[in-house]
Amino acid sequence: MLPEVQTISTPTNKIPEKVISVKNLKKAFGTNVVLKDFNLELHEGENVVVLGKSGSGKSVLIKCIIGLLEPDEGIVEVLGQNVTDLSLDELDRLRANIGFLFQSNALYDSMTVRENLEFPLRRHWMQVTQQEVNKMVTEALENVHLAHTIDMMPAELSGGMRKRIALARTLILAPKIILYDEPTTGIDPITGKEISELMIEIGEKYNTSALIISHDMKCIKLTADRIVVLFDGKCYATGTWTELERSKDKNVKQFFE
Amino acid sequence: MYIPQTWKSFFLEAGEISSFTGRFFSQFFKPRHEFREFIRQCYIIGYQSLPLIGLTGFIMGLVLTIQLRPSLTQYGVESQLPSMISVAVIRELGPVITALIFAGKIGSSIGAELGSMKVTEQIDAMEVSGTNPFKYLVVTRVLATTLMLPVLVMLSDAISLYGSYLGVNIRAVTSLSLFYSQAVDILTFGDVLPAFIKTFFFGFAIGIIGCYKGYYSSKGTEGVGRSANSAVVVSSIMVFVIDLVAVQITDILNLN
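Chains R and W, in that order, are what the protein sequence lines are.
The numbering used here puts the first sequence at residues 397 to 653.
The numbering used here puts the second sequence at residues 23 to 278.
These are computed hints drawn from the structure, not numbers from a lab.
Hints may be right or wrong, so weigh each one.
What the hints assert, rightly or not - List time: in silico DMTMM-like cross-link candidates among lysine to aspartate or glutamate, alpha-carbon distance up to 25 Å:
| # | chain 1 | residue 1 | chain 2 | residue 2 |
| --- | --- | --- | --- | --- |
| 1 | R | K617 | R | E437 |
| 2 | W | K52 | R | E514 |
| 3 | W | K157 | R | D485 |
| 4 | W | K52 | R | E466 |
| 5 | W | K127 | R | E514 |
| 6 | W | K52 | R | E486 |
| 7 | W | K157 | R | E511 |
| 8 | W | K52 | R | D485 |
| 9 | R | K531 | R | E466 |
| 10 | R | K449 | R | E641 |
| 11 | R | K601 | R | E514 |
| 12 | R | K419 | R | E639 |
| 13 | W | K52 | R | D488 |
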């Protein structure tokens, strides 16, 4: 029998505004129940990491949050709007405030770096002029220190560079929330550290909230204000790195060993 | 009632392709229309296929002429060579062979492109970027294949007849104007129009099947290869099925 959610964090006086609220989320694929009664809150300016084993439903969770998957049960509220109740147009408007860094980067192979970055801008902000687009693309690339790659194709870039370009594309709409799906998976530890530091730098510069899906403990230690342990489809434990590191629970401990 | 698994899979897939086609029509009329992407696809699907289609058309006309000549000589009707080639190419060989080449080149490329976009989450990224991926990827490609194949078939027919003209001139001498008048005078409304109309259906089927196979690709890179392969196989079979239906319809309408 699994214990109830363990809240190990210490209470603070000021509670910032909630930007994401997930209540009793359930998602199954056929008979395989991936998430059951999952609860999560993300506050303004906060970086929350969802930690769990591979295949535990972490990516399913953020895909439910951004509306790519429809939950079977439960409520997913983003910036005060219930994602499941929104029409496609309303969902598109909401998505303009959410950045999503895909695990595979999801850069469009047939487009240059510039076109990749312009794509979400042209789609969400149709009134923007070419001069403004150029300025925003350059700024986003400078943020990830890759301004020189503007006319290159994704296939010409290294794994770490592709990740940074994907991050720049995520940033270009100046989102309030960024969802990171395993941002350091598949890249070397040094580049992984650079990406993690970049995530912190971006969060501080643009005051974004971040929900990070990861099982890379180095990245988690660097980026997490709070960690949520996803185990058996539920929010099993929550707390800061230091708090969870001291936990005696074997299901929590196994991640920190 | 016992239904074998292969039949179940067949009917299931046929149902899914029908539903995918229904979705195409429902999305086609809704704004926002992706005109720029449609033009880009016309360029890729139409213009970039031209060298291959032209070459196969030329060889088809030339080979057909060389192979048909001995039989016609035997019956003493060698002079009818341009007319026979013209009817065979315009009515049947041009549309079907061009469509099969097109299915091989474009069907597989659409299946592989959308399949790899699916497995690398590019389709999800598009959706997150405020784009309807079905409209952007599927509607534009299907429209482009539907409109470009008839144009390619017309060009292929013309190149094929030119190949035939050169073939005739290997063993005999004929002028281009004489060859042209012999090839064109034989053609009737019933030869040209049904053959032209069916190419739209060929193009539509190739586009829809390529997009369907790619859009629902799964199982990683292995799935991408499988999507590309089955896009070619299924769309080639569909070309023959549509051709069979078309010939029945023209027969009923006394256009044969």
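Here is how each hint holds up against the structure:
1. Restraint check for K617(R) and E437(R): the C-alpha separation of about 19 Å stays at or below 25 Å, so the hint holds.
2. Pair hint K52(W) plus E514(R) holds up; C-alpha atoms about 24 Å apart against a cutoff of 25 Å.
3. Taken as a hint, the K157(W) and D485(R) pair is honoured in the structure, with Cα atoms around 14 Å apart against an allowance of 25 Å.
4. Distance check on the hinted pair: K52(W) and E466(R) sit about 23 Å apart at the alpha-carbon level, within 25 Å; holds.
5. Taken as a hint, the K127(W) and E514(R) pair is broken in the structure, with Cα atoms around 30 Å apart against an allowance of 25 Å.
6. Of the pairs offered as hints, the one joining K52(W) and E486(R) holds, with about 17 Å between alpha carbons and a cut-off of 25 Å not exceeded.
7. Distance restraint check for K157(W) and E511(R): the Cα-Cα separation of roughly 19 Å lies within the 25 Å cut-off, and the hinted pair is therefore satisfied.
8. Proximity of K52(W) to D485(R) is assessed by CA-CA distance (about 13 Å); at most 25 Å being required, the pair is judged to hold.
9. A distance of roughly 36 Å separates the Cα atoms of K531(R) and E466(R); the hinted pair therefore is violated under the 25 Å criterion.
10. This hinted pair checks out: K449(R) and E641(R) have alpha carbons roughly 16 Å apart, not beyond 25 Å.
11. Distance check on the hinted pair: K601(R) and E514(R) sit about 21 Å apart at the alpha-carbon level, within 25 Å; holds.
12. A C-alpha spacing of about 24 Å is found between K419(R) and E639(R), which places the hinted pair at or below 25 Å, so the restraint holds.
13. Our distance criterion of 25 Å between C-alpha atoms is met by K52(W) and D488(R), whose separation comes to about 16 Å.
In the structure shown, a violation is registered for the earlier hints numbered 5, 9, in ascending order.
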